[in-house]
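Visitor: The lines below spell out each chain.
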Amino acid sequence: MEKDRIKQAYLDFVLNEGHPPQSVFKLTQQLGIAEQEFYTHYPNFEAIDRELWADFGHRARTAAASEPVWEGYSSREKLLAFYYTLLEILKQNRSYALMSLRRSLKKMPGLTPRVLDDFRQDFEIFVSDLLAAGRVSGEIANRPLVQDGYPRFFWQQALFVLGFFAKDDTVNFERTDAAVEKAVTLSFDLVGRNTLDSAFDFVRFLARR
Amino acid sequence: MDEPQTSLPTTKVARAARFAKTGLSVGANYVKHYAKRAVGADSTTDDLHAANAAELYGALSEMKGSVLKVAQMMAMEKNLLPTAYADQFAKAQYQTPPLSGPLVVKAFRDAFGQSPYTLYEEFEPEARQAASIGQVHRAKKDGRQLAVKVQYPGVAASIKSDINLVKPIALRVMGLSESQVRPYLEEVEARLLEETDYALELRRGQEMAASCAHLPHLQFPAYYPELSRVRILTMDWLPGQHMKEFLATKPSHEVRNQLGQALWDFYQFQLNALHQVHADPHPGNFLLSTDNGGTVGVLDFGCVKEVPIDVYTLFTALLAPETFADESILEGLLAEAGVLRPTDPAALRALYLRTLRVSLELVGRPFRQAIFDFGDPTYVQSLYALGDDLMADPDLKKQREPRGSAHFIYLNRTYVGLFALLTELGAVVATNVTAAVAEAR
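Order-wise, the sequence lines are chains Y and P.
This note's numbering puts the first residue of the first sequence at 1, with every later residue one more than the last.
This note's numbering puts the first residue of the second sequence at 1, with every later residue one more than the last.
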């Protein structure tokens with residue numbers, strides 16, 4: 001419970017001030033707890049940021065999976081549903097989300113910001129499960145050598161979506177919705193059975209002679 | 001077209017790119033056509049039209065929204081387009097690829113803060129029908145069967161840029177200049193924008209149902225304001241089938257006549273008593289059933305044309321029998337309508353007068369008879385022949401400039417659509433009861 005209080009106090013501080021507290025001491029003083037108490041839960045403020053993001057992802061997955069149609073969705077639709085739910089959650093926390101995204105994306109464009117580390121781990125597990133299910137249903141082509149890299153590929157897509165969201169200035173982030181629809185469709189076109197597989201098969205056939 | 005929605009070009013650039021691609025493919029089709037001709041192969045112009053039409057349809061259905069709407073309008077004017085185009089566009093009236101399920105859920109969350117699966121007792125994730133700027137899902141709540149229309153995101157915002165995209169192509173096809181068509185495009189744009197406002201449609205649907213309640217053999221859905229928002233519209237699910245499926249069940253003459261009569265009375269009442277018409281009479285907006293010897297369910301009040309009183313007077317006068325007895329009356333009316341201009345040379349004036357006299361005589365024929373048989377093949381054929389003649393007339397071909405009041409666009413569309421429905425039904429209709437219906441009010 002103390003952990004949640006610390007997390008909430010940190011979030012409130014960042015929202016009010018626009019930056020993290022100067023020190024752990026300041027935050028714990030405000031909360032009226034001993035400084036050591038903080039360190040039993042978190043090593044530093046960045047850890048709270050990472051956990052906040054991981055929470056967003058977790059909530060998005062839980063909410064999306066609680067839709068009664070979830071079981072009937074294909075892997076593509078499941079990923080779409082995840083993104084749309086995530087965007088909804090981010091919109092509810094848009095000040096914090098935009099602030100932390102803009103701050104970290106500016107620093108290292110293209111690279112994964114540290115605050116998304118935990119979010120990323122969960123996301124890649126989630127995507128691996130989706131892909132595995134997709135391979136069973138035939139939605140996704142089985143490509144033994146390449147497919148281990150897929151989760152990383154999808155993570156780049158997630159980064160693209162988050163970056164797009166951070167820069168979107170349309171009403172209700174409508175362009176982000178369109179970006180999600182397009183990006184997910186493209187990625188599933190790529191991992192689904194397509195021309196590449198036939199070409200590869202053909203080349204392998206010729207090489208065997 | 002049962003593939004799930006795979007892409008939704010919402011930005012102007014994306015749509016422009018899509019159009020450019022179509023332009024290229026159409027160009028390529030011409031190249032193929034002439035290449036085939038050059039080597040002496042048998043490539044008919046029909047092949048070419050078919051290939052081009054398929055390309056265009058692909059582009060249009062991917063773009064959705066207003067472009068699709070324009071396509072539908074063009075499809076209704078079958079005479080103006082080569083048949084291959086018309087057939088492809090007619091497809092757009094029934095089937096466009098649906099939005100992805102999660103995006104539909106999202107539209108509901110944005111509007112109601114909850115998913116359709118909690119808002120309704122039952123909600124079918126698969127769309128039953130495309131409605132050009134949206135799609136229709138079937139749902140159930142409190143024991144009622146509901147039809148739920150969901151609008152594609154970003155449609156309202158994209159109408160203006162869509163028209164700007166279609167314009168150069170339309171101008172090219174019809175050989176017109178921008179200033180000549182501006183008033184007409186403005187009229188179309190205004191109607192299209194109205195159509196994206198589901199709150200307006202809801203109000204109009206309720207009003208129309210109330211004022212037409214006394215007309216027999218018509219059925220209107222009830223609308224549910226508490227389950228509707230700007231982009232979502234909930235109404236009753238009406239029984240019945242669309243024209244094609246209904247006719248496939250081989251309904252009797254009596255049934256078809258009753259349906260035709262109901263449609264005719266509905267439109268005459270709207271025009272004469274309400275001075276506003278349901279201006280979207282394409283087959284997708286009517287549900288036909290054999291209940292009570294034939295009942296028409298009327299859907300979609302997104303496109304309602306309000307007819308100003310002077311336009312109404314002009315329109316009815318143009319169809320009156322006296323107009324044909326006296327050339328000078330016709331001339332006066334056409335001048336009033338802006339079809340004839342004082343600056344026109346005498347030869348041109350005579351040409352316009354001659355063609356319009358012929359077409360008005362033919363188109364207005366049902367209005368001048370007590371009972372009219374829309375199933376009469378000679379009438380349908382002469383309508384089509386008229387279109388062909390007008391297209392082929394070399395003098396008229398030179399006169400490509402559109403004329404007449406912009407209000408006539410939707411009035412014409414309404415009656416072209418109505419005639420198309422009635423001829424397809426092959427209904428015998430008591431047409432000259434207009435006065436009686438107006439008085440019954």
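Calculated directly from the structure, the hints in this document are not laboratory data.
Small disclaimer: the values here were computed from a predicted structure and weren't measured.
Don't take every hint at face value.
[To be verified] The calculated label-pair distances, taken between Cβ atoms and stated as ranges, are: (1) Y:Phe-160 with P:Glu-189: 30 to 36 Å; (2) P:Glu-124 with Y:Glu-35: 43 to 49 Å; (3) P:Lys-244 with Y:Val-203: 43 to 49 Å; (4) P:Glu-186 with Y:Arg-135: 49 to 55 Å; (5) P:His-214 with Y:Ser-66: 45 to 51 Å; (6) Y:Lys-91 with P:Pro-216: 48 to 54 Å; (7) P:Glu-186 with Y:Ser-66: 44 to 50 Å; (8) Y:Val-171 with P:Gly-338: 51 to 57 Å; (9) Y:Val-171 with P:Ala-370: 53 to 59 Å; (10) P:Glu-186 with Y:Ile-125: 53 to 59 Å; (11) P:Val-380 with Y:Phe-200: 53 to 59 Å; (12) P:Asp-197 with Y:Thr-112: 42 to 48 Å.
[Said to hold, decoys possible] Here are some, though not all, of the chain P residues that point toward chain Y, as calculated from beta-carbon distances under 8 Å: (13) Gly-101; (14) Pro-102; (15) Lys-106; (16) Asp-110; (17) Ala-111; (18) Ser-115; (19) Tyr-117; (20) Leu-119; (21) Gln-129; (22) Pro-153; (23) Met-243; (24) Lys-244.
Note that beta-carbon positions come from the ideal geometry of N, C-alpha and C, so glycine has one too.
Visitor: Next, verify each hint and record whether it holds.
Guide: Verification of the supplied hints:
| no. | hint | verdict |
| --- | --- | --- |
| 1 | Y:Phe-160 with P:Glu-189: 30 to 36 Å | holds, 35 Å |
| 2 | P:Glu-124 with Y:Glu-35: 43 to 49 Å | violated, 57 Å |
| 3 | P:Lys-244 with Y:Val-203: 43 to 49 Å | holds, 48 Å |
| 4 | P:Glu-186 with Y:Arg-135: 49 to 55 Å | holds, 54 Å |
| 5 | P:His-214 with Y:Ser-66: 45 to 51 Å | holds, 49 Å |
| 6 | Y:Lys-91 with P:Pro-216: 48 to 54 Å | holds, 51 Å |
| 7 | P:Glu-186 with Y:Ser-66: 44 to 50 Å | holds, 48 Å |
| 8 | Y:Val-171 with P:Gly-338: 51 to 57 Å | violated, 40 Å |
| 9 | Y:Val-171 with P:Ala-370: 53 to 59 Å | holds, 56 Å |
| 10 | P:Glu-186 with Y:Ile-125: 53 to 59 Å | holds, 55 Å |
| 11 | P:Val-380 with Y:Phe-200: 53 to 59 Å | holds, 56 Å |
| 12 | P:Asp-197 with Y:Thr-112: 42 to 48 Å | holds, 43 Å |
| 13 | Gly-101 | holds, 5 Å |
| 14 | Pro-102 | holds, 4 Å |
| 15 | Lys-106 | holds, 4 Å |
| 16 | Asp-110 | holds, 7 Å |
| 17 | Ala-111 | violated, 11 Å |
| 18 | Ser-115 | holds, 6 Å |
| 19 | Tyr-117 | holds, 5 Å |
| 20 | Leu-119 | violated, 12 Å |
| 21 | Gln-129 | violated, 19 Å |
| 22 | Pro-153 | holds, 6 Å |
| 23 | Met-243 | violated, 32 Å |
| 24 | Lys-244 | violated, 30 Å |
Hints 2, 8, 17, 20, 21, 23, 24 from the earlier list are contradicted by this structure; the remaining hints agree with it.
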